[in-house]
Amino acid sequence: MSAALTRRGFAKVAGAGLAALCLPSPLLSGRAHASAAGVLASRWELSPQGLEITLFVRSALSGPVEVVLHAVEVRGELRIGDARHPLSFTSEGRETQRRSRAGFRLNRRAVAGVERDTPYDRFSATWPAGVPRSGILALETALRPEVERLDEDARSRLVDLDGLHFELPVVSST
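Residue numbers for the sequence shown follow the numbering used here, beginning at 1 and rising by one.
Simulated from the structure, these hints should not be mistaken for laboratory data. Any given hint could be a false lead.
Computed beta-carbon distance windows for the label pairs [stated by the list, open to error]: (1) Ala129 <-> Arg109: 32 to 40 Å; (2) Glu92 <-> Ser62: 29 to 37 Å; (3) Asp151 <-> Val131: 39 to 47 Å; (4) Glu140 <-> Gly81: 18 to 26 Å; (5) Glu146 <-> Val114: 24 to 32 Å; (6) Ala83 <-> Asn107: 38 to 46 Å.
Ideal Cβ positions, reconstructed from N, Cα and C, are used throughout, including at glycine.
Throw the hints in and build the complete structure from the sequences for me.
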């Protein structure tokens with residue numbers, strides 16, 4: 001079962017009415033530079049109105065790493081049998097971040113520590129109407145187009161967050 005969910009690693013998962021579970025979550029492989037790598041974990045919560053996913057990052061190095069916040073988009077779909085229902089996730093951080101005449105800017109940063117997860121961004125989606133609240137939630141991350149405007153060092157730290165695929169079982173207790 002764990003091989004079908006992710007490549008390697010673990011994440012804490014908590015759902016409404018469910019006890020906390022440990023489910024696999026993708027481990028970021030230092031694809032760009034060995035000096036800038038992190039570990040991505042996700043914690044998701046099933047709410048009556050929709051779905052909230054919080055992404056966390058942790059440094060895989062011997063020291064902390066500074067990362068640009070809100071540089072990732074999440075795409076997803078709910079799979080119930082053969083039916084696929086696309087979900088539109090919005091970034092809470094992007095919605096609340098200040099805007100300028102130049103448009104959305106990636107100017108907020110966080111330090112990803114070694115010993116504990118650092119909240120990266122929260123994403124939310126609304127359940128499709130008339131769809132049962134159970135199935136498989138398939139998620140994929142992608143870097144926002146604005147990342148191209150960042151300096152090389154900042155981009156190299158974010159490349160680990162690009163193109164992650166993982167699936168989580170969604171079961172409603174109601």
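Taking the hints in turn, this is what the structure says about them:
1. Ala129 <-> Arg109: 32 to 40 Å: holds (38 Å)
2. Glu92 <-> Ser62: 29 to 37 Å: holds (31 Å)
3. Asp151 <-> Val131: 39 to 47 Å: holds (43 Å)
4. Glu140 <-> Gly81: 18 to 26 Å: For Glu140 and Gly81 the Cβ distance comes to about 20 Å; the hint holds.
5. Glu146 <-> Val114: 24 to 32 Å: holds (28 Å)
6. Ala83 <-> Asn107: 38 to 46 Å: holds (41 Å)
In this structure, none of the earlier numbered hints is contradicted; all agree with it.
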